[in-house]
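First to last, the protein sequences are chains F and C. Using my numbering, read the first sequence as starting at 306 and increasing by one per residue. Using my numbering, read the second sequence as starting at 1051 and increasing by one per residue.
One or more of the hints may lead you astray.
Claimed, not checked - Straight-line distance between alpha carbons at most 27 Å, and here's what the computed DSS-like set of lysine-lysine pairs gives:
id, chain 1, residue 1, chain 2, residue 2
1, F, K777, C, K1275
2, F, K783, C, K1121
3, F, K783, C, K1275
4, F, K783, C, K1145
5, C, K1163, F, K883
6, F, K916, C, K1145
7, F, K798, C, K1065
8, C, K1095, C, K1204
9, C, K1275, F, K809
10, F, K832, C, K1275
11, C, K1118, F, K777
12, C, K1138, F, K777
13, C, K1118, F, K878
14, C, K1204, F, K798
15, C, K1275, F, K790
16, F, K790, C, K1065
17, F, K798, C, K1069
18, F, K790, C, K1121
19, C, K1070, F, K798
20, C, K1138, F, K798
21, C, K1057, F, K790
22, F, K790, C, K1204
23, F, K783, C, K1069
24, C, K1069, F, K790
25, F, K669, C, K1121
26, F, K809, C, K1069
Quick caveat, the hints were computed from the structure, so don't treat them as lab data.
Spelled out, the chains give:
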Amino acid sequence: MAIAEELAKKQKAISIAEFFEKNRQILGFDSVPRSLLTSVKEAVDNSLDACEEAGILPDIFIKIENKSKNLLTLIVEDNGPGIVKEQIPKVFAKLLYGSRFHSMKQSRGQQGIGISAAVLYSQLTSGRPAKIVSKIDKDAPAHYFELLINTQTNEPEIIKDKVIDWDRLRGTRIELEMEASYFKGRQSVSGYLKDTAIVNPHARITLIEPDNNKVIFERATDKLPVQPKEILPHPHGIELGTLMKMLRYTECKNTSDFLCESFSRIGAQTAKEICKKSGIKPDVKPKKIALDEAKRLHEAFKTVKIQAPPTDCLSPITEELIRKGLEKEHTVDFIETTTRPAGVHNGHPFQVEAGIAYGGNLSKENKVDILRFANRVPLLYQQGACAVTHAVENIKWRNYSLDQPGGGIPIGPAIILVHVASTHIPFTSESKEAIADVPEIIEEIELALKDVGRRLNLYLSRQDNLLRRREKEEIILKILPRIAKKVGEILEKPTPDITPVVAKIMGNVFIQRSVKQNGKGCEVEIKLKNHGDAVHHFSLHETIPHDIKSPSPEPKKIPLGKQNDYLWKVSLKPGEQKAIIYRLDIGIEEASKLSQIVAEGIAEEHITGAKVVNV
Amino acid sequence: MTVKSNKEIRDSTSKTTLKKLIHDFYEQFESETIPHIVLPSRTKKNIELNEDSDVWVYGDSESMRSAKTVKGATQLLKTSYVVELMIKGHLDQDKSSTLRELYYISENWDIAKFNEQSESDRLIEDLEIITGLQREDFHVRPEENGATMFGPIKIKEVTKRGERTMHCQEDVGEAGYQIPYNVETVQFLEHDAKFIIAIETGGMYDRLIENGFDENFDSILVHLKGQPARSTRRLIKRMNEELKIPVVVFTDGDPWSFRIFASVAYGAIKSAHLSEFMATPAAKFIGVQSTDIVEYELSTDKLNDQDIKALQSELTDPRFDTEYWKDQINLMLKIGKKSEQQAFAGKGLDYVTDTYLPERLGEMGVG
């Protein structure tokens, strides 16, 4: 007993802040460059969420200053609704304090760890407090705080608290000094902001880099995204522990009411069925339900038929705005976007959007860039572990005109963008960098990618055809005639006829009539050859003011006043060659003046050597 | 038969051959065939040793140039324009142009105009390959004349202004006899040479003349001027074959100079179609060898990245696929150093003529 008492003295609760202090890599503060990025990310996420909730077009200003080697100052300022004075210390200097942890709603931040973790990281590495300014209205005072987190109690310690002059209408500003380093590239602050700008085209983001270089990501729309609605949790997405917590703290007097009021998609009828299945009386007080019964209730959620959760709680970026976002941050030739219908994973509604951008100044030799987003937040790390990447790799991109040597991520001048919106994004870890391989989500991503892929393929094959057609036209109209002319000149011979070669290059049906004197009359031969790779059926007309003799094959004769229209039905397979012959009782002189052969029922660009008349 | 009428026959043969090519295009139009020409691929992979002549020539791999594509069609058009110039502008009027002039002449050819001189140079080489003729046969000259030579040989050259006879020691200035661009007009009358020494740099060529190497060793000095012009290579080959004079090649000791030797002895990749005409397979490499750099303790420079790349590429070049060359190349890579031929000056101005060359000639059994 004595030993146990001894031990009991040493046993004490560890505060969450202390825990973080020792395990900061879990939250994305594992390396010097990444810590800066994580801090920017948390601050920007908060600003965007706050602005949108308040219906304000976000205008976010980020400034990074070098303090000394490895020590820098990060300032993030927004034009959001501000924070009331009493809340400021808790929002910034108490971990797990937030408004969203318990809500079923699509939002960027979820647990309320983010910004206070950045404050904690700053205080641990620089020893200095976070400096906060916030103002909630034009006429309200601006409050200035200097805050530290007491890591033992996870409570804010207020170092300074005063009212200052601040020339902003409203908004919040945070200044953190921290051990970090600034660099450029894809996984950098500017890379992150660029991607953020793509999926938040309603935001203006200004970045001042340590060398005083100013980068502005201008907004492309004045339309605020539709505010996602808050919904009750769906029974399929609830864990047993959570269910028990809800039972204990509910104010409902009986289980039936509890079910109807705490969950979405449970009405009186469904509640009755669930109670029946689990053997719990509907009028039992929820607080009285024990573990065993709760388990049965939880089981019943799975067996009773419950409608899927409503999906109007999601706020997709929309096809149009993804297009605008990609357009403004990249120079490309082609963009296609898609927003899939909402689906459900583990009781949580989710929705996938995808975009593909192609051409422009994107590199042809490199792997395509995959831009991953979860609830409008760019994911920069752990690409290889993410469901989005896995879905991209599952697709046979060669079917969509992108190279994919050895499988994996395709190669080509393209950007693939995937956005997953959900009331609950299943991340692989707490640092929220990779979406877990949930089959329903992967399948939706694949469908979205195939959709934009098909459209890319269509565009590229059309481009290809156009190019090939244009090239052929240049050959037959500009180059070949000159070669023929030059060749004739050199040999001092008549310019050779290029039409047969033209037909061959164009893959056309070639028609040629030749006339030979034979006794008093002459023999006419019409040669037909199909140089194309499709079968062609058409009619051939010879309109002649004479009777033709012994034709082969026999034509249909239609008198046309003084002339006759002779009609042959022709069918030519690819590469097939045919001939029509007949006799005319006229001299070769006259015969050579016959009018041009007319073809009917074939497109003009498919035939050479005949006039096309299509009625 | 005089040399003059020989020329007339050659010109008329050239004309017929060129017209035959154009006639082929004409026939292709008539026979409803898309105009095209076929020629061997001109890459390192497609050169092979001809057992009979012992030089490197193009292999069987062919490429087709057809009017099916814009690129091919434009090439054929340009070919027609060039052939017309060769026939009507050159051969009919007994005129000639330089490669550079040809490029400028094409400025009036609208879409058949060349975008840069390398393109017209290449087309002339193509024409040589297709017709089996040489550019001299179409009266196309290189930019510069051939280099110079100096030594105990008497020649007769047919110039546009009549025949000239001269002895290349007695009748020439200090710089020697200027090799014309078309050496087919040169006849050899008599000589006392025991060997020919082809020298890469002007400095070394002048050093050997100044030191009287030609007289002391009965040798003909030929200045290669870097990568040698065709006429220089052709003249060396003719002297070697017709007069049976052995040939040694004296260059810097670096990867690029190895290639100079290879083009004299085995032929160049770019003009392998002319190897049988210009390469002298009997030519021997006198130096500077990698082993000389070590043995004579010459002043050196470090190999740079390009040098190393060039050496590595030579290891896969079929022309260097012999024990001797593999050893030389690998040794140079190993020591990481190169030397110029003029580095011998560090041991005194006479060292190269009194010591190095005699020692090497002795080892090789030449002279």
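Right, here's what the structure says about each hint:
no.: 1; hint: K777(F) with K1275(C); result: violated, 47 Å
no.: 2; hint: K783(F) with K1121(C); result: holds, 13 Å
no.: 3; hint: K783(F) with K1275(C); result: violated, 44 Å
no.: 4; hint: K783(F) with K1145(C); result: violated, 31 Å
no.: 5; hint: K1163(C) with K883(F); result: violated, 41 Å
no.: 6; hint: K916(F) with K1145(C); result: violated, 49 Å
no.: 7; hint: K798(F) with K1065(C); result: holds, 16 Å
no.: 8; hint: K1095(C) with K1204(C); result: violated, 41 Å
no.: 9; hint: K1275(C) with K809(F); result: violated, 51 Å
no.: 10; hint: K832(F) with K1275(C); result: violated, 62 Å
no.: 11; hint: K1118(C) with K777(F); result: holds, 8 Å
no.: 12; hint: K1138(C) with K777(F); result: violated, 31 Å
no.: 13; hint: K1118(C) with K878(F); result: holds, 22 Å
no.: 14; hint: K1204(C) with K798(F); result: violated, 49 Å
no.: 15; hint: K1275(C) with K790(F); result: violated, 43 Å
no.: 16; hint: K790(F) with K1065(C); result: holds, 19 Å
no.: 17; hint: K798(F) with K1069(C); result: holds, 12 Å
no.: 18; hint: K790(F) with K1121(C); result: holds, 19 Å
no.: 19; hint: K1070(C) with K798(F); result: holds, 14 Å
no.: 20; hint: K1138(C) with K798(F); result: holds, 15 Å
no.: 21; hint: K1057(C) with K790(F); result: violated, 31 Å
no.: 22; hint: K790(F) with K1204(C); result: violated, 50 Å
no.: 23; hint: K783(F) with K1069(C); result: holds, 23 Å
no.: 24; hint: K1069(C) with K790(F); result: holds, 15 Å
no.: 25; hint: K669(F) with K1121(C); result: holds, 22 Å
no.: 26; hint: K809(F) with K1069(C); result: holds, 25 Å
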